[in-house]
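Working from the sequences, and respecting the hints, build out all of it.
Order-wise, the sequence lines are chains S and C. Counting along the first sequence from 1, when you hit position 470 you're at 470 in the numbering used here, and nothing is skipped either side. The number in the numbering used here is simply the position in the second sequence, starting from 1, with 512 added.
These aren't lab readings, by the way, just hints derived from the structure by calculation. Errors might be hidden in some of the hints.
Label-pair distances were calculated between CB atoms; the ranges are [stated by the list, open to error]:
no., chain 1, residue 1, chain 2, residue 2, range
1, C, Lys765, S, Gly130, 41 to 49 Å
2, S, Ser424, C, Val644, 41 to 49 Å
3, S, Arg379, C, Leu821, 26 to 34 Å
4, S, Arg407, C, Leu821, 22 to 30 Å
Straight line, CA to CA, 25 Å or less: simulated SDA-like cross-link-like pairs of lysine to any residue [claimed, not checked]:
no., chain 1, residue 1, chain 2, residue 2
5, C, Lys765, S, Gly373
6, S, Lys216, C, Leu525
7, C, Lys663, S, Gly352
8, C, Lys741, S, Phe16
9, C, Lys741, S, Leu378
10, C, Lys663, S, Gln308
11, S, Lys259, C, Arg757
12, C, Lys663, S, Leu307
13, C, Lys741, S, Asp400
14, S, Lys381, C, Glu751
15, C, Lys741, S, Phe376
16, C, Lys527, S, Asp468
17, C, Lys527, S, Leu133
18, S, Lys91, C, Lys527
19, S, Lys331, C, Lys663
20, S, Lys179, S, Thr486
21, C, Lys663, S, Leu334
22, S, Lys311, S, Leu334
23, S, Lys200, S, Tyr444
24, C, Lys813, S, Phe16
25, C, Lys527, S, Ser18
26, S, Lys241, S, Leu445
27, S, Lys311, S, Asp349
28, C, Lys663, S, Arg309
29, C, Lys535, S, Phe16
30, S, Lys91, S, Tyr140
31, C, Lys663, C, Arg603
32, S, Lys216, S, Arg436
33, C, Lys535, S, Asp59
34, S, Lys224, S, Arg210
35, S, Lys91, S, Phe181
No residue lacks a Cβ here, since even glycine has one placed at the ideal position from N, Cα and C.
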Amino acid sequence: MADTPAIELQHITKSFGSTRANHDISLSVYHGEILSILGENGSGKTTLMNMIAGIYFPDHGRILIDGEEAIIRSPRDAYRYRIGMVHQHFKLVDVFTAVENIILGDNEESPRFNLKTAAAKVREISDQYGFELDPFKKIYDMSVSEKQTVEIIKTLFRGADILILDEPTAVLTPQEAEKLFAVLRRMRDAGKSVVIITHKLHEVLSLSDRVSVLRKGEYIGTVKTSEADESLLTEMMVGKKVTLNITRTEPKDPRERLKVQNLNCYAIDGVQVLKNVSFTAMSGEILGIAGIAGSGQRELLEAIAGLQRVKDGEIYYIHPNSGKIEDLTEKTTLQIREMGVRLSFVPEDRIGMGLVGNMSITDNMLLRSYRSGRGFFLRRKQPQQLADDIVEQLEVVTPDTRTPVRRLSGGNVQKILVGREIASSPTVLMAAYPVRGLDINSSYLIYDLLNEQKENGVAVIFVGEDLDVLLELCDRILVISSGEITGCVDARGATKEEIGMMMTQGGGEKRA
Amino acid sequence: MHKSHVREPRVHLVKRDGLPWWKAWLIRIVAVVLALIVCGIITLLVTGKNPISVYATMVDGCFGTARRTWNLFQNLAILLCISLAVTPAFRMRFWNTGAEGQVLMGCLATAACMILLGGRLSQGALFAVMIVTSIVTSAIWAVIPAIFRAKWNTNETLFTLMMNYIAIQIVSYFTYVWSVPKGSGQIGLINSATQAGWMPSIGGHDYLINIIIVAVLTVVIYIYLRNTKHGYEISVVGESQSTARYIGISVPKVIIRTLLLSGAICGIAGLLIVSGTDHTLTRSMVGGRGFTAIMVSWMAKFNPMSMVLTSFIIVFLQKGASEISTIYGLNSSFSDILTGIIIFFIIGCEFFINYRIRINAKGEKE
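And the structure:
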């Protein structure tokens, strides 16, 4: 291809308050290539790409498009330079059809909508690159991967030659991801520039031509994918050598701890979110739950924790020492605690459910214990002690325990939440996406903590999204699809493809 | 490079994070100074007077005589009391705009006791009845919207606002029923001969007891919000209802309990207004302070101790501005204009505490 880069970034710097998100970054994207921007969460990948897409404006530095300086002040400016970005959180109007969403805001040439010609153009684009999309389907009827397709076609419809995708596979099954990759390769072959933001190494290696690595807002370097391997890229990302191994011990003396039978739950809007769910969690093992995001994982854990109304079905807890069976169905969180059931829950929504962002670390420890002790007044002494212990033992990076947790990075927030939940020495520990958004070191620390709990005889329930991790960490894996359990496999023998198949079974009519 | 066609944005906003407290206060002080300068210029243009003497007039209006000073502190106490009432609800993100009506209902209850029971009970028993009825009446008035919000998730802002008008109409009705002489629609001083149900003066100072009661209340609310289990639950519900559910707090229970407290304090404010200050009942006796209190509470970031300062600022400005319009023979709208300008600056400066403005000077590259 031509030697002039499609995009050239020169010394880009961007700060938010006192945090420097990007510092002096220079890199290039060429025509007809797929470039990966690799880095841990918080390394500044998205910020950098948002500057190309017109969401932010750089504090310093220049952006050159085809060799000429470009000033991109808004996403509309970006389209003028033929740049389109697909954000991690889709920006679609739910009650509109695909084609309505695609032409929304695109009134450059004619102020009137012409849905028919637009739909024809959408079909043409779909055929050219191998998308499958019904232009007249409403967004709320679509699966996540269809919504993503709409977003991609939207950028192409507006003539984008440079396509930026932010963590495109985070919400996809392995099969869907493969399909997406095929499309992206076809785009590259048609001469377009594709940039994908990611932190998954195997994606980088299988898809991209070159990879640029960021770390803590700094540009580390660019390598050709053909000359790279996992350990090199990890080292570039983290800054030091890391061993990526999860130790898995055999479960010791597994006994039934939690039994769920024929559980049915409905959301407030009347949609059934759990259908006849039955399973058993054993002490001393990690039970993984795999599934596409939003398949009922959240509702399942919340139903067990007493936060979700149960239509019918039973949840039983078996006391570890006495063997006494308690019925947890329809009990509130408080009632469950008062029954002496030590159930800990690390919710998906850390700040917003598990923790209070504006409160200090100490006051967040109080959440679980503020009721203890008689009388009207709070006692902050023990929580203060606990906060100090967690900060020290889990190496939380914070100025002090009075700092509001929202000021901490994702990894440190999670250490505090998991630390607090483990501190009450649970017998059941439920964790929903506990490593989402965490850097590699913090992720492995969390895996170690979960393993430690397992070895202490805790029944651990782990809802995860990365199938590689699930297969390495868990003892058994339960697969959930559209609120139904579609399989339960031994993690020691199962394959990713096998689980991926089960993830899309059930509720058949929705995703063929 | 041919740069003629490219234009960088001249200004852009940068969010600040963790501004040191002294810098934030410096910005606020600068805002007040700027506001006073603008007010001075406007006064100069309208009246032709020297701005310095205008400010001297303001200070004189507030502290010129012992009576004025007592008056100022009396007004401060009442405003602070109502602000304390709205604060627990606000910390819970329950936007109670009904303090005006809640206080007025407390006024009505107090006046009713004084009119109907004055002379029939001993002074002590009368006070006991007054305190209980004013607190209970206001608490009931406040808890009605709270129950609707807790059970059916109605909008509390509209609900509480509408209840103000009902309260005003109820008071209008009773001012007619109890009016002296009958049918005049005016009550006049209640029990002016016997002073039954009038707050006693301490050491010859009529308002001292009001001020002491509010001072104690400020400390109590401060401790309640900071160091009690209830206060902690209020904060959690305010920050995130799903966290509250997650740890097993019953959100409806906390909402109702907190609004009972809010209403009770409004009742005390009503008691202080009728029994401790005005000794009468009119439909306009709360005088918008139920709304001003919202601003006092907001500007103090819902901290009762800071509210002493913010309510002082508001009362000082109102007194000073009204003195200016009296002295220079302007009508009361002029003092409203001045107060408006000052409050605009005080609220506006919060923007500069949260954001920094960067101006891209030409050639300011690396």
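- Query: Which of the listed hints are broken here?
  - Reply: When the structure is compared with the hints, numbers 1, 8, 16, 17 turn out to be violated.
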